[in-house]
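Starting from the known structure of chain A, fit chain B onto it as the hints suggest.
Chains as they are written, first to last, in my numbering: chain A, 140 to 824; chain B, 140 to 824.
Hint data in this document are derived by calculation from the structure and do not stem from the laboratory.
Check each hint, because a few of them may be wrong.
Treat identical chains as interchangeable: a pair holds within one or across any two.
[As the list claims (entries may be wrong)] Keeping only pairs whose Cα atoms sit at most 25 Å apart, straight-line, the calculated DSS-like set for lysine-lysine is:
id, residue 1, residue 2
1, K622, K539
2, K317, K297
3, K429, K572
4, K429, K599
5, K522, K429
6, K622, K297
7, K450, K594
8, K599, K738
Protein chains: 2
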Amino acid sequence: MRFHWLFAALAIPGLSMAAEGMWTLDNPPTARMQAEYGFTPDSGWIKRAMLGSVRIAGGCSASFVSKDGLVMTNHHCASQCLDQMSTAKKNLVADGFIAKRREEELSCPEIELNRLEQITDVTEQVKSATAGLDGAAFKSAQTAIKAKLTAACVGTEKDIVRCDVVDLYHGGRYQLYKYHRFQDTRLVWAPEKAIAFFGGDPDNFNFPRYDLDITLLRAYENGQPAKIENYFPFSKNGAAEGEMVFVTGQPGSTQRQLTVAQLTTLRDVSLLNNVLRLAELRGVLEQYSKTSPEAERTAEHALFGVENGYKALRGRLDTLLDPALLQQKQAEETALREFVAKKPELQAKIGGAWDAIAAAEQVYRQIEPQFGMIEAERGFSSKYFSYARDLVRAAEERAKPNGERLPEFAESKLPELEQQLFSTAPVYPAFEKVTLALSLTKMREILGADDAFVKQVLGKQSPDQLSAALIDGTKLGDPAVRKALWQGGKEAIAKSSDPFIKLALAVDPAARAIRQRYEKDVESVLQKNTELIAQARFIQQGTNAYPDATFTLRLSYGEVKGYQQGGRKVAPFTTIGGAFERDTGAEPFALPASWHAAKDKLNLSQPYNLVTTNDIIGGNSGSPMINRKGEIVGLVFDGNIQSLGGAFWFDQRYNRTVAVHSGAILETLGKVYGATDLTQEILAH
Amino acid sequence: MRFHWLFAALAIPGLSMAAEGMWTLDNPPTARMQAEYGFTPDSGWIKRAMLGSVRIAGGCSASFVSKDGLVMTNHHCASQCLDQMSTAKKNLVADGFIAKRREEELSCPEIELNRLEQITDVTEQVKSATAGLDGAAFKSAQTAIKAKLTAACVGTEKDIVRCDVVDLYHGGRYQLYKYHRFQDTRLVWAPEKAIAFFGGDPDNFNFPRYDLDITLLRAYENGQPAKIENYFPFSKNGAAEGEMVFVTGQPGSTQRQLTVAQLTTLRDVSLLNNVLRLAELRGVLEQYSKTSPEAERTAEHALFGVENGYKALRGRLDTLLDPALLQQKQAEETALREFVAKKPELQAKIGGAWDAIAAAEQVYRQIEPQFGMIEAERGFSSKYFSYARDLVRAAEERAKPNGERLPEFAESKLPELEQQLFSTAPVYPAFEKVTLALSLTKMREILGADDAFVKQVLGKQSPDQLSAALIDGTKLGDPAVRKALWQGGKEAIAKSSDPFIKLALAVDPAARAIRQRYEKDVESVLQKNTELIAQARFIQQGTNAYPDATFTLRLSYGEVKGYQQGGRKVAPFTTIGGAFERDTGAEPFALPASWHAAKDKLNLSQPYNLVTTNDIIGGNSGSPMINRKGEIVGLVFDGNIQSLGGAFWFDQRYNRTVAVHSGAILETLGKVYGATDLTQEILAH
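Pulled out of the complex, with its shape left as it was, chain A reads as follows (with noise of 0.2 Å):
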């Protein structure tokens, strides 16, 4: 699960209505938040909101809380770091940690942060490097031109700047994001996972909720702290019912722009076929955690990746199950279909962008299972695998100029890439070989026994038996046996009798073939017609409109308030006392050890976690809620059951962002774990 933006959706039908959008920070809804909150924020505070947000590579969202460089993100966002620095002695998703001194803050081997720094419009370059052109000339002209725009940007300080072209509008408009990178982090405080992810995973996505789900690392730069101008103040107090509230963040993901012919595509093949593959995932994970301690440890973070991920797809294919919806996407396409056909020199240059979707989207249904089992990995799932296919490709593609690289492997994306192929996190071969085991045996079921891929790779053997051999064969789990293979190139490549080379060479022809075919069949052809449905749309709409998430910062504006659920009425806060009283003592309802020592100092009645009308999706995990005055007041960290639809529609009745209020973080940061330091540091302003 690299990418964390599965969490915390928001949103439902219809109209585009009051807390509505995830604004990009170049076009804020000004307007709108005056007419209905009375509040414009100026450039200022914008400009301060795009600082002290900040984006964890992965795929979670952060913010800076002191001016020397702490960071507070959601305890799930960095528990692959708690995970990585465990050990079968000492284990700190479930004990948590706490650095006393500085010194004692643990390097987490692959989490990056970037920081938006300045946003430059690029749409004119990259229309214009491929207009007239289409399928595998498209694509090649547009990775061309994006890799230029990037290395441009970095120039040579390729170590703290990222820049990243990003797509908005589904190609209606093209901008380039320059970051400031920082790849030192450090751990510094998590609390128990117990009260981190208190209910587990039967109160996921839903509220009433208790959960403490933050932890803070910390940003260096050349070995010491980095120092922060623009970070978030601390609001003790918090937010009040009905006070305009605000989350700077990166949603992962919406897809509320698609056409219908992408939904239902979307709903019976990529939502279905992953809903099922979690499904069965979750069961083979959850027995075998049961087989020893070490066995629980080592597939914690995946499992709760897997029941995290099932329950937002669940959520999602429901949501497109939906007769409504589906109606009102219908409708609304045929309205700008209809804008569009009778102006005749619109529909001569957009009028068939629908068909020719729908058309693509048929021979992605066709090529699915091989792409996704092949090229997608879903066959290899194993982080052997994906270290050997990104050792043979970045071998391979390094040895092109720049812009005929494949795009993961432009100049741009290295400093990333590297630092996750030399991490020091274990990779844990027992638990490797039950994610291989399953991937290739569904492999071997959906592309079938006598596939002439599948016959390639298993040869003779099962998959079981397979697994086990390439398992015990490797030696890629040593980070120095990575490097070497990176920096020997091609030459290395070739030479190595490492199996899962080995096997990531063999099957590299065919992964490229299916992956070239999708890309001029498939992709080339939705960023082309999805342009130009773009295009269509601003000339309806304007920029009145926010683009899908693409994983990028936004603005959200809302309101702390509550809703109704079955009749009765949900009040928007929790209280510290309720994680008391619901309590049982046993997983996934203990409240740890350090809770009941600390009861009788705490505030019972201190508001702990809250909701509010925020529009946010997966992604938005560890954003900062903020207040008018730019003060936190809320640790984003999920979103109700019934924002999972929020992906396609947005519906402010019932969907719900969930926070952790600030006053029960400083309130429980000092009383239970002690950390006087820290909160000295986060008050001091």
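Below, chain B without anything else, positioned relative to chain A:
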């Protein structure tokens, strides 16, 4: 998996054409058979087909193949017996079984055979009993008349007579099916699972195929082999390509006559929930099976059922996601509604039926989570709980007059229930803990951790804790304990301290309440209104149509025929030599040692498996395939992958029945298994 009728679906879109139809034996499509194949079976042919056919009460089909009660069915239909008669030291599933003498034939503790002997129409009695009634009153009246009719039919011979009131054409016809009941069934011969299910899950529902999916049982009466007058002789040569063939068997359930509202509910609720449940359970069982050989052995039967069900339901789900299917169903429904609307008298009586059904489906969508988890036992997945539920309810129900009981406790149903309850088959506590804990977890997930029923069941325990406590404390694994509770009735149940009895008692009020809600607001509305629609269909079409499958004896005709798949031709036959070519030595493609040892003796060009155009569905597993002379030419064991939509429509272009060739059975029975006595018994005629 009590119902094997998930097996072997067969069907496709469209016109009522050629081989389409699962016809009752009192209404064979003689005119069509004559027109298409120039053959009309006379009444003697039909009678012999009926008496030679056998139903396995748990959910399969079979046939008599000797005068001494020899019964042929599929290995997968008898594998529960093989499993139950196995121990940690003697694995009949893996090793196969052969009784060298009749005294060595092993009693199967839970197999009941039914031979249909008489069909009587009781439509008028049933309809007049429910005339003018609605809701609960409708349901009670129908239960009472069915109990009365079956009791009168059985008379005093309940040990050897079984009667069921059968609902055909969704209430268009009610008929009384009178069966001869055989409860003493013994195991005679079974090959190794490695050849019975060669290719395993990857090849399941596929063709070409190489399975010897057969087991021979023997029916006993009064301790002696049953004397059988009507049985099917064997054809050694089998059927040629293009030859007309017949299948007589018990297709379990089709949904070809449902309304669109019923089909979409089936898709969005029942199928989706079930396929997801099976996917996770599959993962759990796969991983559990890897923990030890004994775990593998004790989970094998369940895992097979889960994998088979998963594939079958996934196929149905995909069919219902195909827009062509729903368009066709909508068109048929619209045509019938227009036909009704044109006749004022019909419109007044029937016109509202579709909307009434749609409204009932909405109620079902609301109550399905409770109904499924609490009443349908999906939250309590354990053999112990099923025993406890049956014992608790039987004590309550048997104290009532026959006509007022829950239908499953009517006098006519008790012999089968007693056979199940007093079965000496082992129950494996370690395995039960796994399935029970998972189902309790799913109950908490789906009903919610704050649901009052969930809190009542779990209290402060986790699903794992509760599952272990219940199973460690129960004595219900002992058939003597169950018999004592059965005989002790309400008093014994009330006094029992068994934790499962106490649990079943505690949850029964909630279970009965949701069942009553279901019966009143869903089931009775559906029954009443589908009866009305069936009347409209009769007026429009007469009995030129066949009723949806209902696990009653049906006749299907068709021919031996290959098909096109992905642009290539699939031949109708495989050969024994092909199995050797497909052998990899690794499960599930490893031929057993007995086959390798006999290879030199075998005729490698002997046809092995074949496909035909017969219209069948799950429940037909084990059906005899016969030729015009009434000789066995094959043993049905599956449908191809294209057949999985057969629940909803029939397309003879692609959908095929898959069978073992009669010649391959004779060839291997002698040369591989040395069962010359059995060969002689089968061939004596």
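Next on the checklist: At most 25 Å between alpha carbons: which applies to K622 and K539, within, between, both or neither?
Outcome noted: Within one copy only: 20 Å inside a chain, 78 Å across chains, cut-off 25 Å.
Next on the checklist: With identical chains, the pair K622 and K297 could be close in the same copy or across copies; at 25 Å between alpha carbons, which is it: within, between, both, or neither?
Outcome noted: Answer is within: at 19 Å inside a copy they meet the 25 Å cutoff, but 78 Å across does not.
Next on the checklist: With identical chains, the pair K317 and K297 could be close in the same copy or across copies; at 25 Å between alpha carbons, which is it: within, between, both, or neither?
Outcome noted: Close inside one copy (11 Å), not across copies (83 Å); limit 25 Å.
Checklist entry - Should K522 paired with K429 be assigned to within, between, both, or neither, using CA atoms and 25 Å as the limit? => result both (22 Å within a copy, 22 Å between copies)
Next on the checklist: Within a copy, between copies, both or neither: which one fits K429 and K572 at a CA-CA cutoff of 25 Å?
Outcome noted: The answer is both: 16 Å in one copy and 12 Å across copies each meet 25 Å.
Checklist entry - How do K599 and K738 come out at 25 Å by Cα distance, when the copy is not named: within, between, both, or neither? => result between (61 Å within a copy, 20 Å between copies)
Checklist entry - Given a CA cutoff of 25 Å, do K429 and K599 count as a within-copy pair, a between-copy pair, both, or neither? => result between (31 Å within a copy, 20 Å between copies)
Next on the checklist: With identical chains, the pair K450 and K594 could be close in the same copy or across copies; at 25 Å between alpha carbons, which is it: within, between, both, or neither?
Outcome noted: Answer is between; shortest inter-copy Cα gap is 22 Å, intra-copy 34 Å.
In this structure, every one of the numbered hints holds.
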